[in-house]
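J.: If you're matching them up, the sequences are chains Z and B in order. Everything in the first sequence is counted per the numbering used here, starting at 27 for the first residue and increasing by one. Everything in the second sequence is counted per the numbering used here, starting at 3 for the first residue and increasing by one.
Every clue listed holds true.
When the alpha-carbon atoms are kept at most 27 Å apart in a straight line, the in silico DSSO-like pairs for lysine-lysine are as follows:
| no. | chain 1 | residue 1 | chain 2 | residue 2 |
| --- | --- | --- | --- | --- |
| 1 | Z | K31 | B | K104 |
| 2 | B | K104 | Z | K32 |
| 3 | B | K209 | B | K105 |
| 4 | B | K209 | Z | K29 |
| 5 | Z | K31 | B | K107 |
| 6 | B | K209 | B | K104 |
| 7 | Z | K124 | Z | K208 |
| 8 | Z | K33 | B | K105 |
| 9 | Z | K33 | B | K107 |
| 10 | B | K216 | B | K105 |
| 11 | Z | K32 | B | K105 |
| 12 | B | K104 | Z | K29 |
| 13 | B | K14 | Z | K124 |
| 14 | Z | K245 | Z | K156 |
| 15 | B | K104 | Z | K33 |
| 16 | Z | K31 | B | K209 |
| 17 | Z | K32 | B | K209 |
| 18 | Z | K33 | B | K209 |
| 19 | B | K105 | Z | K29 |
| 20 | B | K107 | Z | K32 |
| 21 | B | K107 | Z | K29 |
| 22 | B | K216 | B | K104 |
| 23 | B | K248 | B | K68 |
| 24 | B | K248 | B | K71 |
| 25 | B | K14 | Z | K208 |
| 26 | Z | K81 | Z | K245 |
| 27 | B | K107 | B | K216 |
| 28 | Z | K31 | B | K105 |
No lab work stands behind these hints, which were simulated from the structure alone. Here the structure is a predicted model, which is why all the values come from computation and not from measurement.
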Amino acid sequence: MDKRKKKYTIFSYIILTVLAIAVAIPFIWLFISAFNPTAARTFTVPEVLNFDNFKTAWSNPRTMQGFMNSAFIAVVQTAIVIVCSVLAAYPLSRYGLKIGNNISMVMLFLSAVPITAIMVPVFQMLVSLKLIDTYTGVILFSAAAAMPYAIWMMKNFMDAVPTELEEAAWVDGSSRMGSMLKVVLPLMVPGLFTVTIFTFSGAWSNFFVPFILIQSTAKMPAAVNLQQFFGMNDTVQYGPLAAYSLVYIMPCFILYFLAQNYMSKGFTMSGGTKG
Amino acid sequence: MKDKIQMRKGMKATFFLLPSLALLVTFFIGPVVLAVFYSMTNKALTGSAALATEFVGFANFVEFFKDPKFSVAFSNTMWFLVFSGLIGQMVLGFLIAYLMQKKNKNFRRAVGFVVLTAWITPEVVTAFMFTVIFEERGVINQFLAQFGIGPTAWLFTFPMVSVIVANAWRGAAYPMMMFQAALDNVPGEIMESARIDGANSFQILTKITLPMIKNTSGTVFVMVTLGTLNTFGLIYALTGGGPANKSTTLSMLMYQRAFISYQIGYGMAIALCLLAVGIILSLAYIRFNNQSDRPKKMKKRKVA
Numbered sequence: 027m028d029k030r031k032k033k034y035t036i037f038s039y040i041i042l043t044v045l046a047i048a049v050a051i052p053f054i055w056l057f058i059s060a061f062n063p064t065a066a067r068t069f070t071v072p073e074v075l076n077f078d079n080f081k082t083a084w085s086n087p088r089t090m091q092g093f094m095n096s097a098f099i100a101v102v103q104t105a106i107v108i109v110c111s112v113l114a115a116y117p118l119s120r121y122g123l124k125i126g127n128n129i130s131m132v133m134l135f136l137s138a139v140p141i142t143a144i145m146v147p148v149f150q151m152l153v154s155l156k157l158i159d160t161y162t163g164v165i166l167f168s169a170a171a172a173m174p175y176a177i178w179m180m181k182n183f184m185d186a187v188p189t190e191l192e193e194a195a196w197v198d199g200s201s202r203m204g205s206m207l208k209v210v211l212p213l214m215v216p217g218l219f220t221v222t223i224f225t226f227s228g229a230w231s232n233f234f235v236p237f238i239l240i241q242s243t244a245k246m247p248a249a250v251n252l253q254q255f256f257g258m259n260d261t262v263q264y265g266p267l268a269a270y271s272l273v274y275i276m277p278c279f280i281l282y283f284l285a286q287n288y289m290s291k292g293f294t295m296s297g298g299t300k301g
Numbered sequence: 003m004k005d006k007i008q009m010r011k012g013m014k015a016t017f018f019l020l021p022s023l024a025l026l027v028t029f030f031i032g033p034v035v036l037a038v039f040y041s042m043t044n045k046a047l048t049g050s051a052a053l054a055t056e057f058v059g060f061a062n063f064v065e066f067f068k069d070p071k072f073s074v075a076f077s078n079t080m081w082f083l084v085f086s087g088l089i090g091q092m093v094l095g096f097l098i099a100y101l102m103q104k105k106n107k108n109f110r111r112a113v114g115f116v117v118l119t120a121w122i123t124p125e126v127v128t129a130f131m132f133t134v135i136f137e138e139r140g141v142i143n144q145f146l147a148q149f150g151i152g153p154t155a156w157l158f159t160f161p162m163v164s165v166i167v168a169n170a171w172r173g174a175a176y177p178m179m180m181f182q183a184a185l186d187n188v189p190g191e192i193m194e195s196a197r198i199d200g201a202n203s204f205q206i207l208t209k210i211t212l213p214m215i216k217n218t219s220g221t222v223f224v225m226v227t228l229g230t231l232n233t234f235g236l237i238y239a240l241t242g243g244g245p246a247n248k249s250t251t252l253s254m255l256m257y258q259r260a261f262i263s264y265q266i267g268y269g270m271a272i273a274l275c276l277l278a279v280g281i282i283l284s285l286a287y288i289r290f291n292n293q294s295d296r297p298k299k300m301k302k303r304k305v306a
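One chain only, chain Z, in its complex shape:
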């Protein structure tokens, strides 16, 4: 029995290692190619490793423009989503438990609605509102699309803050808004960070929405730029594109690991109540 177990264990370690390597291959290519000035589609062992590709990529003004657009859209979108979802989560969490939970469920349900399915009417709508090909249009729609899940997450984090603390504030004469801002929010900071990170990440990596809603190249975010750059097959410069991609995915990684950190802290009360 033991021998069989050992065989199985070794076998599964091998499978997992092979799988992990297979999954890592695209990243290994990306990482090496970004620093390899003679990068190509194959695994070429680089003779030199330098930052040439980065310089080439950034010599194109569209590169920086794309990143600035992505950053702008993501920041504004996230700000809108956070403010609105905190406000919305408050009554769902504090007033009338049953309705709050039901609406919360509706939010979860809405968050599963595929964005691809509503892009056509959204496109039409923005055309008639003259918001097509504008930052405003993209930001407003993306914020709306991100709202349901953000509200659901916010409400769950808010539920973890006990109402006794707020009641104490009301006794001292605070308003609802006041108690929310001064008592509840400070106690759900990890939750706030988690939702912020999650929303920002989604906004940063969004491809489909800006692809459909934006036509002027000057306003295209980094994701659309990237696709346009390698969509034109034979003039693709793999090295610089790899450098571009590497920089583009950095925020996603950083944010994700920050979020992991905050998520695990988010569900503890960190000293808000006595005992």
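Mind docking chain B on chain Z? Use the hints.
T.: Frame of chain Z, contents of chain B only:
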């Protein structure tokens, strides 16, 4: 007096909810309603219909069944769903989680980390990396050349395979995480006692482990299906739906009809189908969620 308080509560709640509701109704729910309406018209941006949009009822939906492109897209979508979503993501994710049980903690972390990075990578970058890998002079062919297997233009000859692999690579992490958590919750004692009673690993897996993670499996199934059915960016950037519609799925077809052929009504009809499937699945998801909550709550009360 109570009524007045209720009213004030209601008004206050509305004030808090207003910004979100305004955004949601305008940009989210509004378009859904519009989609339903437009799908029943022959609205287009070119051609005779552009001048006078007519209400055509279910004609768009009927056209589906006559359109050969639709059946191609439908079967592609099914292949994609089964092989990339269900097998590639869900089964593979489960396998990884299952094999990782009781392994060295750091090893688990390393493998989990690698699989996770695939998940947090934006679609476009994934498409770019796989364009390189599947290219005629790309990484996979380089590897196969060692075995004397001639270079294949994967993206042209086997577009569905390329798309299936790329999507599976990207999405296996979510099922893996969910199943990892679920498997950790399966009490070891049950498996031990089954083993003592003479059950072999396969029996334990099928008769004990799988039934115990039924709820998680349901959730994962719904999420994977929803995500897979609505994949667009990856496929568009990788193969563009081609060549000759060989890798066009329903979401790609919708894009083509609505934004390239400008047959808005028809495109919306397809969108509505996708939406309907999404709604049915999310209802099922909510049911699953509710079900798994109740037994846990009861357990808590018993202990207290």
